Amino acid sequence: MNLNIHRWFAVLGVILFGLFLAILVKEMRRDWVGPQKRYVEILRRQSLAQGNHERIAMPGIQQLTLEDLNRIDRCTTCHLGVDDSTFRDASQPLTTHPRSYLKWHPVEEFGCTACHGGQGMATSFREAAHKEISHWDDPILPLAYTEANCGTCHTSRDVPAAPLLSEGRRLIARGNCTGCHEIPGYHEGEVWGTPYGSELNDTGFKVNRNWLLLWLKDPHAYLNQPRMPQFNLSDEETRAVATFLLSQKKRNIETLPADFEKRGDADRGHTLVGQSRCISCHSFSGKGGNLAPDLGKVLSKVNPDWLYSFLKNPHYYSSHTQMLQYNFTEQDVLDIVAYMKSELSDPDFPKAPDALLQEPTPEEEAKLLPEGKKIFLERGCLGCHAIEGLSDPGRIGPSLAFVGSRTTDTLEFGKVQGVQRDLSNWLFGKLKNPRMYEAKAKMPDYHFTDEEAARVTVALMSLKEVHYAPEQMVPVEGSPRGVFNPVGGPFNPQGDFGQLFTKFRCFSCHQVYGRGGTLSTVSLDREGVQVKREWLISYLQNPYAIRPQVIERMPLFKMTAEEATLLANYIESVFVDDKVPMVDEQTFTDGERAQGQYLFDKYGCQGCHIHGQKEGGYVGPDLTMAGDRLRAGWLMEWLRHPLRYRPETIHPDYRLDEQETRALTAYVLSLKEGKKP
Amino acid sequence: MRAGTRLQIVTLLAVWVLPLSLGGCHGTSVEQDVASKALRESLYGLSPVEYQGKKLYEHYCVICHGAQGRGDGFNAYTLKPPPADLAAIVAQGDDAGMLKVIDGGSVAIGKSPLCPPRKGAVTPEDQKSLVSYIHRLAVKP
Numbered sequence: 001m002n003l004n005i006h007r008w009f010a011v012l013g014v015i016l017f018g019l020f021l022a023i024l025v026k027e028m029r030r031d032w033v034g035p036q037k038r039y040v041e042i043l044r045r046q047s048l049a050q051g052n053h054e055r056i057a058m059p060g061i062q063q064l065t066l067e068d069l070n071r072i073d074r075c076t077t078c079h080l081g082v083d084d085s086t087f088r089d090a091s092q093p094l095t096t097h098p099r100s101y102l103k104w105h106p107v108e109e110f111g112c113t114a115c116h117g118g119q120g121m122a123t124s125f126r127e128a129a130h131k132e133i134s135h136w137d138d139p140i141l142p143l144a145y146t147e148a149n150c151g152t153c154h155t156s157r158d159v160p161a162a163p164l165l166s167e168g169r170r171l172i173a174r175g176n177c178t179g180c181h182e183i184p185g186y187h188e189g190e191v192w193g194t195p196y197g198s199e200l201n202d203t204g205f206k207v208n209r210n211w212l213l214l215w216l217k218d219p220h221a222y223l224n225q226p227r228m229p230q231f232n233l234s235d236e237e238t239r240a241v242a243t244f245l246l247s248q249k250k251r252n253i254e255t256l257p258a259d260f261e262k263r264g265d266a267d268r269g270h271t272l273v274g275q276s277r278c279i280s281c282h283s284f285s286g287k288g289g290n291l292a293p294d295l296g297k298v299l300s301k302v303n304p305d306w307l308y309s310f311l312k313n314p315h316y317y318s319s320h321t322q323m324l325q326y327n328f329t330e331q332d333v334l335d336i337v338a339y340m341k342s343e344l345s346d347p348d349f350p351k352a353p354d355a356l357l358q359e360p361t362p363e364e365e366a367k368l369l370p371e372g373k374k375i376f377l378e379r380g381c382l383g384c385h386a387i388e389g390l391s392d393p394g395r396i397g398p399s400l401a402f403v404g405s406r407t408t409d410t411l412e413f414g415k416v417q418g419v420q421r422d423l424s425n426w427l428f429g430k431l432k433n434p435r436m437y438e439a440k441a442k443m444p445d446y447h448f449t450d451e452e453a454a455r456v457t458v459a460l461m462s463l464k465e466v467h468y469a470p471e472q473m474v475p476v477e478g479s480p481r482g483v484f485n486p487v488g489g490p491f492n493p494q495g496d497f498g499q500l501f502t503k504f505r506c507f508s509c510h511q512v513y514g515r516g517g518t519l520s521t522v523s524l525d526r527e528g529v530q531v532k533r534e535w536l537i538s539y540l541q542n543p544y545a546i547r548p549q550v551i552e553r554m555p556l557f558k559m560t561a562e563e564a565t566l567l568a569n570y571i572e573s574v575f576v577d578d579k580v581p582m583v584d585e586q587t588f589t590d591g592e593r594a595q596g597q598y599l600f601d602k603y604g605c606q607g608c609h610i611h612g613q614k615e616g617g618y619v620g621p622d623l624t625m626a627g628d629r630l631r632a633g634w635l636m637e638w639l640r641h642p643l644r645y646r647p648e649t650i651h652p653d654y655r656l657d658e659q660e661t662r663a664l665t666a667y668v669l670s671l672k673e674g675k676k677p
Numbered sequence: 001m002r003a004g005t006r007l008q009i010v011t012l013l014a015v016w017v018l019p020l021s022l023g024g025c026h027g028t029s030v031e032q033d034v035a036s037k038a039l040r041e042s043l044y045g046l047s048p049v050e051y052q053g054k055k056l057y058e059h060y061c062v063i064c065h066g067a068q069g070r071g072d073g074f075n076a077y078t079l080k081p082p083p084a085d086l087a088a089i090v091a092q093g094d095d096a097g098m099l100k101v102i103d104g105g106s107v108a109i110g111k112s113p114l115c116p117p118r119k120g121a122v123t124p125e126d127q128k129s130l131v132s133y134i135h136r137l138a139v140k141p
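Protein chains in written order, with this note's numbering: chain C, 1 to 677; chain R, 1 to 141.
Just chain C, with the same shape it has in the complex:
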């Protein structure tokens, strides 16, 4: 018995000793010991080369405590050479960080995991969640997806040096994903107020049944790049929604006059469409702007009577439209409709299948109407469209506020096999085919290409729940240089000017104080100190192409002289910047003008600008009439600091001195002799 107990003790002792040895060996062979030995070896060789024979100790576990980012990173325990350029040729994990990212984001300030992900506290390869090992909640992001983490702090639409993230964010805005999902940072909305899609109050007057059925089935059948996604409605659902929409006839329309065929002059209409620069916003069978729908076969869609009424009074039928109200006469409208009727319809426009196309009987209609309304509300149509009297049930999709922090175990992959189970793949799959994981999913199909879906995935993965100090966050508004905004809030013009500003929809193309469309590269912030009042009055009434290369030009509003004067007076007194000095161009001397002409050649300005006898390049504004247009103070300020006023400009900064600036300005403002078109 006694012997037995001793034997047990002996065995136990041996096992414990074995365990002790095992732990000892494990300690000796910790992941970071090898790299640190190599690191010391490299350092030793470096110091030997300098004749230094001192012994170098292993640095041991390194730890960065990043209070602002609420993180502790020990990555530099192994990645010792990350900000030391002498390690450029060392192999991983010692090698230097590529490019100069660490200059803008020093390791001591930002650590590693804020950008790359992974478990900062770990000191072993496995626990740091390097990409080869999946199923960690916060694994190191694949290199291509690192831009997602840029987006956790950089919340603006465009993030410098992160093109994929920026493109993804643009796609989210373009797809109006916020119609159904709450997404922080995307709530600016359209300037003329939501909704994003067209108002459907008068669909019954506006479009024909055949077009509506085809459109509801698949918008790609009508447009190449429709903004509306495909909803995968069954035939029965399509008929119900179409019946509901065609019952919407809230505002009466005028019918074309009986003698329209005689009175409408299609040729004159064609000229008017050209002059009015419809092409700045609309495309015509693929050619033209992309602010508004393609008009190539619009008469296969809309009813001519509605078109006639709409062109006469667009803001009555659609108060949120981006389209301006032209000062068209009755005859102008008739001519434009005549042109559109003769040229912008497709005689071979497809027909919807008969089963769909069949008009519902009154009994059927009574059944289809409530059914259609129900589907309309359930599928989140009000996220983009509005119908008066229908109250918005709110966003129908889940919030995407912290979608980038979702862990793998919360993701439902359904029956999908063969795909690595992580967030990026889940999002990518969902975007490519919204019903991939669940056959009854409500999300419509945007027909994203792989390229687009991957970019949107990056942007969505940037929506992370992080606990960073507020000063670490880069603000949404504007560029790092900041937007010029003397009023401090959104610009919202009132009074007579406000009415004209709204009538001509200046915001659809121009920015004021960071608000508005970007179709025009000219923000109106400082327009009052940039251009001369007399020029502005004449330009508003008779606009011409200042930049020959740009398709999107100012429309011919048919503005009256009173309207133009009112706008110009307001612009001259309000859209000003006191930092732009007032310079009297009478003080320029002939000597300065001559020197300016010499400098104009010396700097190669004619490479981009037409001047004088219509010679020069087609990149920048035509300077033939620059003297009629520009104010001296502004031109000097612009020539000296182009990047200060427009960081994205391609106008080079020649670092001119005061005298050169004066001379160039004097020369450019002497270019007046050109004749107005």
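Hints listed in this document are in silico derivations from the structure and should not be mistaken for laboratory results. You may find that some hints are simply not true.
So these bits of chain R aren't anywhere near chain C, every CB distance computed over 10 Å [what the hints assert, rightly or not]:
id, residue
1, Q32
2, G93
3, E125
4, V131
5, V139
Simulated crosslink set (BS3-like; lysine-lysine; CA at most 27 Å straight-line) [claimed, not checked]:
id, chain 1, residue 1, chain 2, residue 2
6, C, K415, R, K37
7, C, K262, C, K250
8, R, K100, R, K128
9, C, K351, C, K297
10, R, K37, C, K602
11, R, K55, C, K287
12, C, K26, C, K37
13, R, K100, C, K103
14, C, K415, C, K367
15, C, K579, R, K119
16, C, K103, R, K80
17, C, K602, R, K80
18, R, K119, C, K602
19, C, K672, R, K100
20, C, K430, R, K80
21, C, K415, C, K440
It should be emphasised that the depicted structure is a prediction, and the values quoted were computed from it without experimental measurement. Backbone N, C-alpha and C fix where the C-beta goes; we use that ideal spot for every residue, glycine too.
Once you have looked at the hints, place chain R on chain C.
The following block gives chain R in isolation, referenced to the frame of chain C:
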């Protein structure tokens, strides 16, 4: 050992081993990282650095040098002398010269002033991205 006991042991073993082997089967099926693959391929076969260069090229250079870098952009025919064929420049193997032109304009290497300087607008690092993209342009047929 009785036959019954042996049977129990075998059953127990089987119960243990079965899920393990099933797990093994699951582990052998290849799981693809489709999202990263799509993202990598969507860079048009370019590295992230080259892609950044492409963006800059399209913003600053394409209008004169053309989409393929052949010196045949929209504005090319108004320029005398015409813009350089970048493939030929790359073939000369003088990256330092190219960086000089991007930074200080074509006057920096004693040529016409028509290619303007980008100092201040394009950081030195982005200038290198541009050069790396121009190298890729030159390879294209």
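Worksheet item: What hints, given by number in increasing order, does this structure fail?
Response: 1, 3, 7, 10, 14, 16, 19, 20
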